[in-house]
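Protein chains: 2
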Amino acid sequence: MNAATPILSGLRVVEVSAFIAAPLGGMTLAQLGAEVIRIDPIGGNIDYRRWPLSPEGASIYWSGLNKAKRSIQLALNRPEGQEIAQALITAPGEDSGILLTNLPASGWMGYATLRERRPDLIMLRLTGNHDGTGAVDYTVNCASGFPIATGADTRPVNHVLPAWDIAAGLYLSTGLLAAERARRRTGEGQEITLALSDVMLASVGNLGYIADVQANGAVRPPMGNDLYGAFGRDFGTKDGRSLFVCAISNRQWRAIGKATGLAGKLAMVGPLLDVDLDDEGGRFQARHAIAAVLEPWFAAHTLEEVTAAFANSGVLWGPYRDFGQLVDEDPRCSLANPLFGEVAQPGIGTVLTPAAPLTFGDGAPGRRPPAAAPRLGEHTDAVLAEVLGLSAAAIGRLHDAGVVAGPA
Amino acid sequence: MNAATPILSGLRVVEVSAFIAAPLGGMTLAQLGAEVIRIDPIGGNIDYRRWPLSPEGASIYWSGLNKAKRSIQLALNRPEGQEIAQALITAPGEDSGILLTNLPASGWMGYATLRERRPDLIMLRLTGNHDGTGAVDYTVNCASGFPIATGADTRPVNHVLPAWDIAAGLYLSTGLLAAERARRRTGEGQEITLALSDVMLASVGNLGYIADVQANGAVRPPMGNDLYGAFGRDFGTKDGRSLFVCAISNRQWRAIGKATGLAGKLAMVGPLLDVDLDDEGGRFQARHAIAAVLEPWFAAHTLEEVTAAFANSGVLWGPYRDFGQLVDEDPRCSLANPLFGEVAQPGIGTVLTPAAPLTFGDGAPGRRPPAAAPRLGEHTDAVLAEVLGLSAAAIGRLHDAGVVAGPA
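Residue numbers (our numbering), protein chains in the order written: chain A, 1 to 408; chain B, 1 to 408.
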């Protein structure tokens with residue numbers, strides 16, 4: 001971790017958000033050094049108590065997605081609170097005037113309304129569908145084709161990873177920086193929208209599934225853990241663990257034969273099935289026979305033995321781990337990886353906490369060190385003073401009137 | 001689709017890449033208007049024939065991930081080809097001098113070497129692991145904990161979506177724009193690296209799975225298609241279709257009872273199990289009983305009947321679709337959605353093709369219309385002329401010497 005100024009220092013983004021996608025987009029910018037002010041209604045937004053909770057009742061979910069931000073609590077259901085939110089969003093400065101939200105953007109938070117206060121406002125808005133109707137990761141995912149293609153049969157299998165939310169968050173951070181670049185050149189802001197289902201549809205198209213249907217009439221069927229178009233799948237070990245091994249390149253393919261001592265047997269699969277094993281498509285076609293040769297070898301070795309046999313062999317593989325094994329076993333998930341720090345998170349304890357995964361050259365403007373999420377309202381007074389220039393007395397009156405709230 | 005200048009017009013990025021993550025990062029920028037020049041060795045890189053293929057043998061995979069780019073073929077195994085690649089990467093101009101790669105960056109493509117030619121170079125490099133060792137989406141995913149937590153039991157289930165590659169691509173586009181912003185302010189470039197496994201680890205941490213292990217000693221078990229921490233799961237319909245329905249908010253929860261006519265029975269589940277159904281955690285705890293009440297209703301109705309019953313009801317739900325049903329049934333996956341255009345893709349045909357999912361205000365700098373991928377080497381001559389200022393005669397000599405190649 002370099003100690004230089006973070007790369008997005010000076011940029012200010014106001015976030016009015018909940019759940020995963022918009023918070024992740026804002027957090028990514030915060031982890032790169034932007035000042036990201038998350039505005040919440042007093043008591044927190046709908047995601048503030050989302051499971052899992054810590055023994056003390058704090059949301060592990062919320063803290064994970066709001067690291068490195070500043071938090072302010074405002075009475076958003078009252079005109080006085082809305083006025084403060086508008087003032088924060090439209091505060092002057094060439095590095096501010098940027099709003100990121102996934103909440104309904106009408107009334108006081110409508111683009112046209114906010115733009116009256118700051119004509120060069122940049123506003124990024126995540127919606128469910130492109131027509132403005134609602135959708136969440138789960139209801140987008142079921143239509144994507146992936147749950148039907150996942151697993152061994154056509155019963156739908158939902159992935160536990162909210163992949164569309166993650167991609168949406170990172171499209172938002174990309175779009176926000178693109179818009180800020182454009183504003184710097186033209187002086188003009190704009191409203192940018194992103195529909196969660198468009199993220200899914202674009203990805204399905206980018207990965208070729210739409211064209212495969214249209215050009216080939218092909219609908220990718222479920223094929224368990226087999227990798228499509230090359231050789232790769234899971235195997236069980238002698239000690240009851242599982243691992244994934246694959247070969248994309250010919251070099252990786254030859255490495256499997258060499259490391260297992262099964263090169264001779266594997267070579268026999270080509271003539272057996274009349275396929276070219278020096279071609280990844282040929283290896284896909286012959287995958288069941290290849291797996292039948294490899295299966296007894298994995299079943300006769302422990303994970304430790306496999307690890308030793310594959311060390312420095314050029315084999316592309318990895319063990320399956322549950323979340324506990326990931327934390328306990330994987331050296332990449334530890335302080336040995338500069339991605340992580342031990343960070344004290346209020347209400348949760350000191351936990352292994354990631355920075356942004358982008359890493360920067362020594363001495364160059366980089367990422368922030370791993371940081372905690374704020375307590376709700378932790379920066380209420382500081383933000384009111386620094387961004388709006390309010391006096392301590394004025395801030396005190398807002399507290400007394402219940403328009404703002406400090407740390408929960 | 002607005003007809004204004006794309007938002008990243010003028011920015012030039014050189015990409016030396018293969019597969020998904022780095023190409024997606026570059027494509028996202030290209031779809032927003034950047035000039036992205038993908039350099040490939042003559043004949044194409046290792047991903048050029050990746051499945052699925054069209055009937056004519058063109059890679060649907062490659063074309064999906066390289067849309068809106070320019071393509072140049074160079075003899076990268078010869079000093080003359082390397083010299084041209086270096087010249088393209090380090091060409092002068094405040095909007096150029098940016099390299100995006102996921103290939104081994106040593107020798108002619110090492111950062112130190114390139115920086116000698118352009119001290120303010122920005123270089124983004126995707127690696128497998130943070131220590132520089134190799135990994136791909138599949139071998140990162142198996143360690144992530146998600147395949148063990150996916151499905152109904154602890155047998156690992158790989159998701160078919162390369163989610164880590166997608167996230168990595170979008171971290172790269174975010175990081176690239178952050179670095180370009182910093183260079184514009186400081187005049188300094190830098191090397192930025194991103195490890196695919198760090199993308200996974202940061203995401204696992206961001207979503208709370210690491211802290212859940214450390215603070216609670218809890219390892220999320222597989223729970224089929226049940227949504228964790230709230231009510232949501234799949235149901236089968238009378239006509240053999242599947243759908244997903246969930247309730248995060250209380251409003252969504254009440255909508256299910258109202259639309260199915262089962263509000264009274266659902267209310268009985270609270271006292272039956274001593275849980276508070278006005279709390280999402282309570283609904284999670286009571287999910288099996290809730291599902292038992294709902295299951296016969298879905299089984300007694302066709303998907304069409306459910307669709308009618310849920311229309312404008314506020315129920316958060318969606319049908320499962322395979323890739324064919326997505327293309328055939330979903331109006332969002334059609335020209336009715338401004339995300340898509342019908343685009344003629346060489347070697348594949350005219351297919352429904354997405355733009356970037358970010359949408360921009362009318363008249364504002366926006367995204368490019370949906371665009372095809374180039375033919376390999378389609379822009380060889382144009383790039384040599386426009387970026388390096390080579391004459392037609394000089395370009396002809398490079399062709400004759402086999403240093404460059406035009407359209408495949």
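By construction, these hints were calculated from the structure, which means they are not laboratory data.
C-beta: ideal position from N, C-alpha, C; glycine also.
You may find that some hints are simply not true.
Which chain B residues face chain A? A few, computed with CB under 7 Å, are given here [said to hold, decoys possible]:
(1) Tyr-48
(2) Phe-146
(3) Pro-156
(4) Val-157
(5) Gln-190
(6) Thr-193
(7) Thr-359
(8) Ala-394
(9) Ile-395
(10) Leu-398
Just so you have them, the derived chain B footprint on chain A, three or more residues with Cβ under 8 Å [to be verified]:
(11) 129–138
(12) 228–235
(13) 312–325
(14) 334–343
(15) 356–370
How the hints compare with the structure:
no.: 1; hint: Tyr-48; result: violated, 12 Å
no.: 2; hint: Phe-146; result: holds, 5 Å
no.: 3; hint: Pro-156; result: holds, 5 Å
no.: 4; hint: Val-157; result: holds, 6 Å
no.: 5; hint: Gln-190; result: holds, 4 Å
no.: 6; hint: Thr-193; result: holds, 5 Å
no.: 7; hint: Thr-359; result: holds, 5 Å
no.: 8; hint: Ala-394; result: violated, 33 Å
no.: 9; hint: Ile-395; result: violated, 32 Å
no.: 10; hint: Leu-398; result: violated, 29 Å
no.: 11; hint: 129–138; result: holds (count 6)
no.: 12; hint: 228–235; result: holds (count 5)
no.: 13; hint: 312–325; result: holds (count 10)
no.: 14; hint: 334–343; result: holds (count 4)
no.: 15; hint: 356–370; result: holds (count 8)
Of the numbered hints listed earlier, those contradicted by the structure are 1, 8, 9, 10.
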